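Chemist: Respectively, the protein sequence lines represent chains A and B. Residues in the first sequence are numbered from 3 upward in steps of one, following our numbering. Residues in the second sequence are numbered from 7 upward in steps of one, following our numbering.
Note that these hints are calculated values from the structure, not bench results. Hints may contain errors.
Stated by the list, open to error - Facing chain A, from chain B, some residues (calculated, C-beta under 10 Å):
| hint | residue |
| --- | --- |
| 1 | 79 |
| 2 | 83 |
| 3 | 171 |
Claimed, not checked - Simulated DEER-style distance windows between Cβ atoms:
| hint | chain 1 | residue 1 | chain 2 | residue 2 | range |
| --- | --- | --- | --- | --- | --- |
| 4 | A | 92 | B | 144 | 47 to 57 Å |
| 5 | A | 318 | B | 200 | 23 to 33 Å |
| 6 | B | 95 | A | 113 | 43 to 53 Å |
| 7 | A | 164 | B | 146 | 38 to 48 Å |
The structure presented is a predicted model; accordingly, all values stated were derived computationally and were not measured. Quick reminder that beta carbons are idealized off the backbone N, C-alpha and C, glycines included.
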Amino acid sequence: MTPRFVWSWEFLRPQARPRSPTLMRLGIPVALAATIFAVAMAWPGSLQQAGAHQRTNVTTSLTARLTTTGDPVVLAAGDIACDPSDASYNGGLGTSKRCQETWTANELSANAPTAVLPLGDTQYNCGTLSAFDASYDPTWGQQKAITYPVVGNHEYATRCAGAIKGAAGYFTYFGVEATPLQPTCTAKCEGYYSYTLGAWHMIALNSECTKISGGCAAGSPEETWLRNDLSTDTAVCTLAYWHRPLFTSGTSGGDASMQAIFQDLYTAHVSLVLNGHDHEYERFAPQDANGNAVADGVTEFVVGTGGANHGSFVTVAANSVVRNSNTFGVLELTLHATSYDWQFIPDGHSGSFTDSGSAACV
Amino acid sequence: MMPSRRDTPAGPKRGRARTRENRRLVLLAAWPRHLLRVPALLCMLAVVLFGAGVAVARILPHASAAPARPTPQLIERLDAHVDDLANMPDFEMDLSLSQTIDDCGAPLRGQFCLRYSITNDDVPVQAGYGLIPASQVRVHGSTITLVTNTARDRGFVHVAGRGGLISITWTAPRNLPIVASRSAAMGEITARGSIIGTAIPSSDVTAAVVIHGAP
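Work out the full structure: start from the sequences and follow the hints.
Modeler: Structure, rendered in structure tokens:
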């Protein structure tokens, strides 16, 4: 065989040796013509893809319970109140590394927020109503009137005495505020909803995908509701929050079940995502749902620092910018019309870590 | 003397025949250099056209509505989460794999980044991460199987514990999604098996797979 056939095989390989000058001479005009044709074919699709990122101008959703003057200030954290039976509960004062819900709650009252966002696992170990009443209520519960919660895995746990399936303790304690789309529901509720806070659109989601009807995949009731909600979202800035992060350096490794929802948020130009579950603080660079760093991506914060205990990092996830696992505290967000400021406020008891900055909405 | 049949008329005829044969031989020897160039060039042109098509398709995958070859499917995410183990309410198990997201701090190059942890009250009992060969993750129909021993992998980083055998089979309710280039699809699936000696329970497991069409 002549070497030419060898060259042709090499041409098909991704890491081919240098091609024959003859082939190059023949191939360049052909490739050029094919490229022009391909660009022409791809052009309408490119326009369609770009259009998907543009907002539709339709309606708004629920309005926040409190009217605000000036830019709203939001305080958020997850993984909060220890069970009163916990060995480290210590009458609600906790120990140096556990059960610090009293100290983080003090930061809520000290900073006078417009809204409080508990990011799931609000009450350990199983979120029973009695535990809520004994531990969460005297601490974070003091802000209940301005609280917009999301549910976590521990509220669904049933291995504690008195635990009732379907996060009954959580939905009973928070009532309609935890699932406003089902005002009379007290167990096995969907637990997702949206509202307006100042100029921002806020979306609370349920990431316990095995506990809600249809899961979280594309086409599920929650994902379909989200897409509809986003299609009527006229706000320049949108924040979404739920319990289990998609991206994390923590022990959970991220929850792939939330990928379709994250994709919807990215497509709709949502600026911020807040999560808990991993018991540390982590901030990511803007990224898309596939983990690619992109300027118009979603900025994710993991704020599992509400007081229960500290977690640890297994690795450093792609696009992770800031991490801390030894300071309890809350994330403060000041929501401007087209931008936001963030600051991690340490509880002043466990550590002094902080992180702050500003960014424009995408 | 009459010429014998051996010497007469056949001589010149044979001589002409030999001349024709010689000409044919000459032609056969000389023509291929010219004639065979045409099919060779045609073959080369076909090869170049095919090669250019492949190259363009790689650069602009959206150019063709019906690609000649199916897009390679990569596993963007594959995970299993257990929050509530029987008789061990404070234990949690988490494992995740990715062929596209580099959470292991090293270029993937077709390998998988594997992360796992078993925690007791958020304290890691077993935890680690590292790259594993693609051959340790097998996809067949609607199932994906992972069999690896992190204790034997020198490149594996053990954050807690010494690692060990991980054997998990994920099963999708239907065949795994086929996705176009540069897009992704997520599906919720079931997971069975064990992570370093701890069995994944039959209930209260969260697991999902995200398939990504390679660019």
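Chemist: Using 10 Å as the Cβ threshold, decide whether residue 79(B) counts as touching chain A.
Modeler: With a minimum Cβ separation of about 14 Å from chain A (threshold 10 Å), the hint on residue 79(B) is violated.
Chemist: Taking 47 to 57 Å as the stated bounds, is the beta-carbon spacing between residue 92(A) and residue 144(B) within them?
Modeler: Taking Cβ atoms as reference, residue 92(A) and residue 144(B) lie about 50 Å apart, which means the hint holds.
Chemist: Quick check on residue 171(B) please, does its C-beta sit within 10 Å of some C-beta on chain A?
Modeler: Status violated, d = 19 Å.
Chemist: Given a hint of 43 to 53 Å, does the C-beta separation of residue 95(B) and residue 113(A) actually sit inside it?
Modeler: Roughly 34 Å apart at Cβ, these two residues miss the hinted range, so it is violated.
Chemist: For the range 38 to 48 Å, tell me whether the beta carbons of residue 164(A) and residue 146(B) fit it or not.
Modeler: Between residue 164(A) and residue 146(B), where Cβ atoms are some 45 Å apart, the hint holds.
Chemist: Would you settle whether the hint for residue 83(B) is holds or violated, based on the nearest Cβ-Cβ distance to chain A being less than 10 Å?
Modeler: Where the cut-off is 10 Å and the nearest Cβ of chain A is about 4 Å from residue 83(B), the hint holds.
Chemist: At the C-beta level, are residue 318(A) and residue 200(B) separated by a distance inside 23 to 33 Å?
Modeler: holds (27 Å)
Checked against the numbered hints given earlier, this structure breaks hints 1, 3 and 6; the rest are met.
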